[in-house]
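> One letter stands for each residue in the lines below.
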Amino acid sequence: MLALKAGFTAIGLLAGTTLPGVAENAPRRVVSMNLCTDQLAMLLADEGQLISVSDLAHDPRSSAMVTEAAAYPVNNGLAEEIYLMQPDLVLAGRYSQLATVDMLRRLDIRVEQFDPATSLDQVTERMTRMGGLLGREDIAADQITRFDQRLASFRDGIAPRPRAALYFANGYTSGDQTLAGDILTAAGLINIAAELGLVSGGVIPLETLAMAEPDTVVTGQPYPGASRSEEILSHPVVGALQAGRPSTSMNAQDWLCGTPYVLRAIGQMAELRRDVQADRERQQARK
Amino acid sequence: MSRLALGLSTLVAVLFVAALVVGPAPLGIWHGLQALIAGGDGPEVLVMREIRLPRALLGLMIGGALGLAGAAMQGYLRNPLADPGLIGVSGSAALGAVLALQTGLAATVALGLPLAALAGALLGVGLVLALAGPRGSSLTLILAGIAISALAAALTSLVLNLSPNPFAANEIVFWMMGSLADRSMTHVAIAAPLILLGSLMLLSLARGLDALTLGEDAAEAMGVNLTRLRLVLIFGTAAVVGAATAVAGAIGFVGLVIPHLLRPLVGARPGRLLWASAFGGAAMLLAADIAVRVILPTRDLKLGVVTALVGAPLFLHLIYRTRQEGL
Numbered sequence: 001m002l003a004l005k006a007g008f009t010a011i012g013l014l015a016g017t018t019l020p021g022v023a024e025n026a027p028r029r030v031v032s033m034n035l036c037t038d039q040l041a042m043l044l045a046d047e048g049q050l051i052s053v054s055d056l057a058h059d060p061r062s063s064a065m066v067t068e069a070a071a072y073p074v075n076n077g078l079a080e081e082i083y084l085m086q087p088d089l090v091l092a093g094r095y096s097q098l099a100t101v102d103m104l105r106r107l108d109i110r111v112e113q114f115d116p117a118t119s120l121d122q123v124t125e126r127m128t129r130m131g132g133l134l135g136r137e138d139i140a141a142d143q144i145t146r147f148d149q150r151l152a153s154f155r156d157g158i159a160p161r162p163r164a165a166l167y168f169a170n171g172y173t174s175g176d177q178t179l180a181g182d183i184l185t186a187a188g189l190i191n192i193a194a195e196l197g198l199v200s201g202g203v204i205p206l207e208t209l210a211m212a213e214p215d216t217v218v219t220g221q222p223y224p225g226a227s228r229s230e231e232i233l234s235h236p237v238v239g240a241l242q243a244g245r246p247s248t249s250m251n252a253q254d255w256l257c258g259t260p261y262v263l264r265a266i267g268q269m270a271e272l273r274r275d276v277q278a279d280r281e282r283q284q285a286r287k
Numbered sequence: 001m002s003r004l005a006l007g008l009s010t011l012v013a014v015l016f017v018a019a020l021v022v023g024p025a026p027l028g029i030w031h032g033l034q035a036l037i038a039g040g041d042g043p044e045v046l047v048m049r050e051i052r053l054p055r056a057l058l059g060l061m062i063g064g065a066l067g068l069a070g071a072a073m074q075g076y077l078r079n080p081l082a083d084p085g086l087i088g089v090s091g092s093a094a095l096g097a098v099l100a101l102q103t104g105l106a107a108t109v110a111l112g113l114p115l116a117a118l119a120g121a122l123l124g125v126g127l128v129l130a131l132a133g134p135r136g137s138s139l140t141l142i143l144a145g146i147a148i149s150a151l152a153a154a155l156t157s158l159v160l161n162l163s164p165n166p167f168a169a170n171e172i173v174f175w176m177m178g179s180l181a182d183r184s185m186t187h188v189a190i191a192a193p194l195i196l197l198g199s200l201m202l203l204s205l206a207r208g209l210d211a212l213t214l215g216e217d218a219a220e221a222m223g224v225n226l227t228r229l230r231l232v233l234i235f236g237t238a239a240v241v242g243a244a245t246a247v248a249g250a251i252g253f254v255g256l257v258i259p260h261l262l263r264p265l266v267g268a269r270p271g272r273l274l275w276a277s278a279f280g281g282a283a284m285l286l287a288a289d290i291a292v293r294v295i296l297p298t299r300d301l302k303l304g305v306v307t308a309l310v311g312a313p314l315f316l317h318l319i320y321r322t323r324q325e326g327l
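Sequences listed follow chains A and B, in order.
Numbered per the numbering used here, the first sequence spans residues 1 to 287.
Numbered per the numbering used here, the second sequence spans residues 1 to 327.
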């Protein structure tokens, strides 16, 4: 975990220097208005190239790069404020703030939209695209190589794979065709959503979760303030499934975006997987 | 009379067992009931004892409480339109519960959640009775109820929208329509004491309500203390509706439909209608909760949807008849 963090700091330092520099025709004033493009841009942009990130980038619950984001002015995704920043490239998500995107395009500002990543393969795709847009192909290629190396290191000799359940507010879960599902798989865990026929995600009723008897339950972290939706995470049934077994709650900021920070999530899940396997061996030894 | 008692209790017992065997987990009926009673260490025991049993118990308790409260209020006001949901008592209770949850009172004080809901319900029932008067006309009663419901609903929505929790605002529909999904034994323990206490208070009113059918003067001449009766009614109703709403949200129309259906069967005596409505309410809510699980097994269809589909047409019918009688 620490080594991983150090690795990212090193990447960050590298991105800060002007080693390969920015191509001649690359954008000079880039504004990002989406949590995930914020992070990709902060990882890849040259110094001074990125001039603003979205307000969510400063939210520690959602953003994996709060410290880095502190150096950038914030925008709230409003067309007016972004226009006044005089950007030559605006980065946005596919499904958010569509009215703002339309208006900026009408004002002849170049807007590039990114789809939310639904698999680990798309992480490197997004990085390549962002590198191209910012004229920083070399930096992107360098980071992708490191990312692939780290990812490969998780993928050796894992058997038998424990069965894990992702369980969020209102009983929602993520299936195999999602980034979260890929994170579980990469960490050597089987996602029980697939056994239950949920591909992209959906609701697992408490009863079904109890009958599925997963080896470990990974819950979302509750927000401050009370809600009935999150009460399900402290239901006695979830408690009974977690009792005496290794389990954990996820750090949402590492799971949300297709950026190299998913490696932290995979690392956390791999640790959980090792705990479950060790626990299983202990129990077999007792018998 | 005793045939009615036998019939109603059999119906409740059948529906209670049915509520225990309906659910998304494919458990055989006997297999499930065996796991419930005999125990063991399989997941079936977890499903039966921690998911289905609390749900069925809450349906029984809350349905009974709402039926009883409706019958008591209708007997006292001598008005068939008095239902805790319609006249804003449930809405005020929901406001109290939401305030307790969002301020953290529910987490820090034992029984803080149902007591706060009780306080809200007390405020609601007190306001309605003050506005409608001791023998309020249907019109003032319903208007007072609409005003209090609207105010309580607006304040509940405001509190949930101001919550730092992003899920809270989506739960306005739960507090307005009610649901028993994913409740646990904890919720049974939270609601049971106040529902039991309030039900005993309301059942003790049987003689007084019977006497009241002869008019207030006659009732006083028969030795009924009207001030005391009024106080017991207010506290009893607030206790059962508060506790019920605190764990299941505001479920309407049970207290309207059930006394109306059962009134001819008890010889229109409000005293007898009390216990009969408790059984009837339990049966109606258990049936409604089975219906929501059969219609949409994996999604949380709100109970208030089903009860309103049954209750609202009857409400319209009652209004029509009230108008004809020129009340």
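Note that these hints are calculated values from the structure, not bench results.
Take these hints with a grain of salt, some might be off.
Stated by the list, open to error - Each pair of labels, with its calculated beta carbon distance range:
1) B/Leu226 to A/Ala243: 37 to 43 angstroms
2) B/Leu162 to A/Arg282: 43 to 49 angstroms
3) A/Glu281 to B/Leu111: 40 to 46 angstroms
4) A/Gly197 to B/Gln324: 54 to 60 angstroms
5) A/Gln283 to B/His31: 41 to 47 angstroms
6) B/His31 to A/Ala240: 18 to 24 angstroms
7) A/Ala240 to B/Ala150: 53 to 59 angstroms
8) A/Ala99 to B/Ile37: 21 to 27 angstroms
9) A/Arg155 to B/Leu196: 18 to 24 angstroms
10) B/Ala192 to A/Thr67: 47 to 53 angstroms
As the structure is a prediction and not an experimental result, all values here were calculated from the model.
The C-beta atom is built at its ideal place from N, Cα and C for all residues, glycine as well.
> Confirm or reject each hint.
Going down the list of hints, with the structure as the test:
1. B/Leu226 to A/Ala243: 37 to 43 angstroms: 55 angstroms, violated
2. B/Leu162 to A/Arg282: 43 to 49 angstroms: 48 angstroms, holds
3. A/Glu281 to B/Leu111: 40 to 46 angstroms: 45 angstroms, holds
4. A/Gly197 to B/Gln324: 54 to 60 angstroms: 55 angstroms, holds
5. A/Gln283 to B/His31: 41 to 47 angstroms: 27 angstroms, violated
6. B/His31 to A/Ala240: 18 to 24 angstroms: 19 angstroms, holds
7. A/Ala240 to B/Ala150: 53 to 59 angstroms: The hinted range 53 to 59 angstroms is violated for A/Ala240 and B/Ala150, with Cβ atoms some 42 angstroms apart.
8. A/Ala99 to B/Ile37: 21 to 27 angstroms: With a Cβ separation near 59 angstroms, A/Ala99 and B/Ile37 fall outside 21 to 27 angstroms, so the hint is violated.
9. A/Arg155 to B/Leu196: 18 to 24 angstroms: 59 angstroms, violated
10. B/Ala192 to A/Thr67: 47 to 53 angstroms: 50 angstroms, holds
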